[in-house]
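Each residue of the sequence shown is one higher than the last, beginning at 1158 in this note's numbering.
In case anyone wonders, no lab produced these hints; they're calculated from the structure. Incorrect hints may have been included.
To be verified - Computed beta-carbon distance windows for the label pairs:
1) 1305 / 1271: 32 to 38 angstroms
2) 1282 / 1305: 27 to 33 angstroms
3) 1392 / 1334: 16 to 22 angstroms
4) 1236 / 1336: 42 to 48 angstroms
5) 1282 / 1377: 43 to 49 angstroms
6) 1241 / 1303: 17 to 23 angstroms
7) 1393 / 1272: 54 to 60 angstroms
Unchecked claim - As a list, the in silico DSS-like pairs of lysine-lysine whose alpha-carbon atoms are at most 25 angstroms apart:
8) 1305 / 1372
9) 1303 / 1239
10) 1305 / 1239
Ideal Cβ placement from N, Cα and C applies to all residues, glycine included.
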Amino acid sequence: MDAIEPDLEKGARRRLRRRRLFRNSKIPVRMLVPNFFTLLSLCAGVTGIRMAIEQRYDVALLLIVLAALIDGIDGRLARALKAQSRLGAELDSLADFVNFGIAPAIVVYTWGLGGLRDFGWIAVLVFACCMGLRLARFNSMLDTEKPKWQSNYFTGMPAPAGAITVLLPLYVDALGFIDVRSHPVLISIFTLAMAFLLVSTIPTFSGKLMGERIKREWVPPIFGGLALLVGFLITYPHATMAVMALAYLCIIPLSWRRYRVLAAHDRADADARAAMTLGMPASLGSASVSPAIVPPNETKH
């Protein structure tokens, strides 16, 4: 009888620990909201793959664009609700790879590269792999210290922009001016070029710092411009997406040049501070300033 009582006490203590653990494992509902949007974007991307297989390319493009728009919401929503979690970060990376790596690759291959067979498949395979490498590099740089101004730049082309831009041949072909589909080799070269931009260290403008504070008088024009953009997307979807993709590609050299200027100024300030600390003239400390590019670090979007 004495041997049974300790076992009963141990069982009671074990049940008590389980109840406490269950009670502490409850999480607020707000923690689930960003993950819901991430799953919604993942559903859009996977459905886009199905639409590409069924050769319903307009619907596939719409779903990939929708996934990109949702991807820009879930991260900001998580920060606004203070609902960041390790699960959400991992789920977001998985959804980004499917939505912006696999789905666009299958769309491009089934639409214009099926005739090339092996070479066309290699092109989209390289694009998907580069998208995975780009996302892995992004996650590995999250905790790296950096100046605040570098938060306004990505290292290489971001994943949503890469997915939207690699579909540029489809936009142009849908306009009817050029039969892009009859030039699969050029489509393959363009796909490989976009893959290179994904894994490159070219600084690309992110605009994160622009959204921190907005002047009151700019609020109505911004909403009006957003309504105008939505109207163009609904009325002239292919032309609007083509213009946006070309405009983004044209901004990359400007972003790279602006980053060089800011990096040079940052290094000059650092040399000047070091010179003042050592008691040297500031002009000597800044004489060796080099405009070499220092790849920016990134924060989670």
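Now for the hints, and whether the structure bears them out:
no., hint, result
1, 1305 / 1271: 32 to 38 angstroms, "violated (47 angstroms)"
2, 1282 / 1305: 27 to 33 angstroms, "violated (38 angstroms)"
3, 1392 / 1334: 16 to 22 angstroms, "holds (18 angstroms)"
4, 1236 / 1336: 42 to 48 angstroms, "holds (45 angstroms)"
5, 1282 / 1377: 43 to 49 angstroms, "holds (47 angstroms)"
6, 1241 / 1303: 17 to 23 angstroms, "holds (19 angstroms)"
7, 1393 / 1272: 54 to 60 angstroms, "violated (29 angstroms)"
8, 1305 / 1372, "holds (21 angstroms)"
9, 1303 / 1239, "holds (23 angstroms)"
10, 1305 / 1239, "holds (21 angstroms)"
Hints 1, 2, 7, counting from the list given before, are not met by this structure.
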